[in-house]
Amino acid sequence: MGLEDLQHNFLTGRLEDLVKWARRNSVWPATFGLACCAIEMMSVGAADFDISRLGMEVFRASPRQADLMIVAGRVSQKMAPVLRQVYDQMMEPKWVISMGVCASTGGMFNNYAIVQGVDQIVPVDVYAPGCPPSPETLLHAILTLHEKIRTGELTRRRRTEVPSDAAPETDNGWVPEPRHPLRVSTPL
Amino acid sequence: MTLVDQVTRVGAQVRSQLRFFLGFKLTFEHLGRPRVTRQYPDEKRPKPPRLHGRHVLGRYEDGMEKCIGCELCAGVCPADCIYVRGLDNPPDHPVSPGERYGYVYEINYLRCIHCDLCVEACPTEAITESKLFEFSFTNRADAIYTKNELLVGDDGRPKQLPWEDWRPGEDRFTSGWMRATSPSGSAAYEGLVQWSGDLGYGIRAPEGGQSGRRDDEATGNFLLRDSLEAHLLAEDIPFEHRGVRGKLWRARMAARRRKARAAARARQRARERAGRAAEETGQPRRDVA
Numbered sequence: 001m002g003l004e005d006l007q008h009n010f011l012t013g014r015l016e017d018l019v020k021w022a023r024r025n026s027v028w029p030a031t032f033g034l035a036c037c038a039i040e041m042m043s044v045g046a047a048d049f050d051i052s053r054l055g056m057e058v059f060r061a062s063p064r065q066a067d068l069m070i071v072a073g074r075v076s077q078k079m080a081p082v083l084r085q086v087y088d089q090m091m092e093p094k095w096v097i098s099m100g101v102c103a104s105t106g107g108m109f110n111n112y113a114i115v116q117g118v119d120q121i122v123p124v125d126v127y128a129p130g131c132p133p134s135p136e137t138l139l140h141a142i143l144t145l146h147e148k149i150r151t152g153e154l155t156r157r158r159r160t161e162v163p164s165d166a167a168p169e170t171d172n173g174w175v176p177e178p179r180h181p182l183r184v185s186t187p188l
Numbered sequence: 189m190t191l192v193d194q195v196t197r198v199g200a201q202v203r204s205q206l207r208f209f210l211g212f213k214l215t216f217e218h219l220g221r222p223r224v225t226r227q228y229p230d231e232k233r234p235k236p237p238r239l240h241g242r243h244v245l246g247r248y249e250d251g252m253e254k255c256i257g258c259e260l261c262a263g264v265c266p267a268d269c270i271y272v273r274g275l276d277n278p279p280d281h282p283v284s285p286g287e288r289y290g291y292v293y294e295i296n297y298l299r300c301i302h303c304d305l306c307v308e309a310c311p312t313e314a315i316t317e318s319k320l321f322e323f324s325f326t327n328r329a330d331a332i333y334t335k336n337e338l339l340v341g342d343d344g345r346p347k348q349l350p351w352e353d354w355r356p357g358e359d360r361f362t363s364g365w366m367r368a369t370s371p372s373g374s375a376a377y378e379g380l381v382q383w384s385g386d387l388g389y390g391i392r393a394p395e396g397g398q399s400g401r402r403d404d405e406a407t408g409n410f411l412l413r414d415s416l417e418a419h420l421l422a423e424d425i426p427f428e429h430r431g432v433r434g435k436l437w438r439a440r441m442a443a444r445r446r447k448a449r450a451a452a453r454a455r456q457r458a459r460e461r462a463g464r465a466a467e468e469t470g471q472p473r474r475d476v477a
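Read top to bottom, the protein sequences are chains W and E. Note that the working numbering has the first sequence beginning at 1, numbered continuously upward. Note that the working numbering has the second sequence beginning at 189, numbered continuously upward.
To be clear, the hints were calculated from the coordinates, so they are not data collected in a lab. Ideal Cβ placement from N, Cα and C applies to all residues, glycine included. Treat the hints with care, as some may be off.
Pairwise CB distance ranges (calculated) [stated by the list, open to error]:
| no. | chain 1 | residue 1 | chain 2 | residue 2 | range |
| --- | --- | --- | --- | --- | --- |
| 1 | E | K347 | W | Y112 | 55 to 61 Å |
| 2 | W | Q85 | E | G434 | 52 to 58 Å |
| 3 | E | R433 | W | A46 | 30 to 36 Å |
| 4 | W | A61 | E | F427 | 40 to 46 Å |
| 5 | E | F427 | W | A46 | 54 to 60 Å |
Generate the whole structure from the sequences, applying the supplied hints.
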């Protein structure tokens, strides 16, 4: 919209809220069903869950008309450039939901044929876990994305304080590691 | 052209016009059917009793952790999403009743496929799966649950993280009854009450579908067919559920559901009473189910 260039004052601030409201309530997904997750994605579009309640019932087959790419299923190495091209063809603003564990990290297919996480190819906004995610999980991811569009920042951050229960002392020469609330890599 | 011919021709035209509207028969039939859409953020559909959701690390009734750090769950995991490291229990204040305890316990939910093999493998019924399936992450780091987040709280309930969509009462069906096999691998096992007691819940009722003594009201079990029958086409409804027999059967089922709902409400009230009493006395809460 070019609103970013304007000085932030009362008028543009309210206008930006309006734009965000409009963007949030008409997120049109691009179909990118790659595997079994796509069945659940179709189920979300059908009567039982009905994402037209959220203004996104039009699954666009053309990336130019889509705002959101739901990567549903495992991405093979051969599919990766195709996926990137579809993403590049989408118009800004655009978002990506990585649906299912295979799209998110490769899941149980930790092998040479599958991309270990679609975020190596495109920037992912929301990850929906599950194999496959239930329609409610995808709806939850969509609502998380709505919140992200509304606030324009990362939401629901993990608390970072170290828990109070300290690690017990050992006298066998092995020093236990401090308990971190989060550990990404394997401890040495 | 005779009068008879003209009448036949007009009749054929009228019939063809009517046939056009007959094409909408199915459409109008569906207008009268009950609405199936679940308004998800406002309401959830009932979950099957054995759905696999995110994990919970249990504790015994005395507050000790059940996990003994044996890493069998990590070994059996087909997606390699569990990382466990055991540590010897400190003699003066042991964490678990065993020799060791799970010192580091992490599950990556962006790899976990909820196959429940870890629950089957666990020798101490420490890890079970809840029915919580509504969660999503905005970054990959959030998806790695550490032991702090998996372990049940001091009231025996799963910790409810800000990006998870827990509703009141949903933590009730979180326990060892989700296992399909017996803890010791006995084929004759039938899902009797022989789980170790859980902090907050005590010993649970038998698992539905495994034993003749199953208790559907207590475990929340239900037949999927009953809840779907209202949406079936007439020709798809089983023969024994049509006509007067079907009416009788539906009335019986409705009465059973009413009874189950009343029992659930009574249990909820009793649980609230027990919770209040526990808060007053400072004792750990017991589930009356």
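Hints, one by one, checked against the model:
Checked against the hint of 55 to 61 Å, the C-beta distance between E:K347 and W:Y112 comes to roughly 38 Å, which is inconsistent with it. A hinted range of 52 to 58 Å holds for the C-beta pair W:Q85 and E:G434, which are about 55 Å apart. In this structure the supplied range 30 to 36 Å holds for E:R433 paired with W:A46, their Cβ-Cβ distance being about 32 Å. Checked against the hint of 40 to 46 Å, the pair W:A61 and E:F427 passes, with Cβ atoms roughly 43 Å apart.
At roughly 28 Å, the beta carbons of E:F427 and W:A46 sit outside the given window of 54 to 60 Å.
Checked against the numbered hints above, the structure breaks hints 1 and 5 and satisfies the rest.
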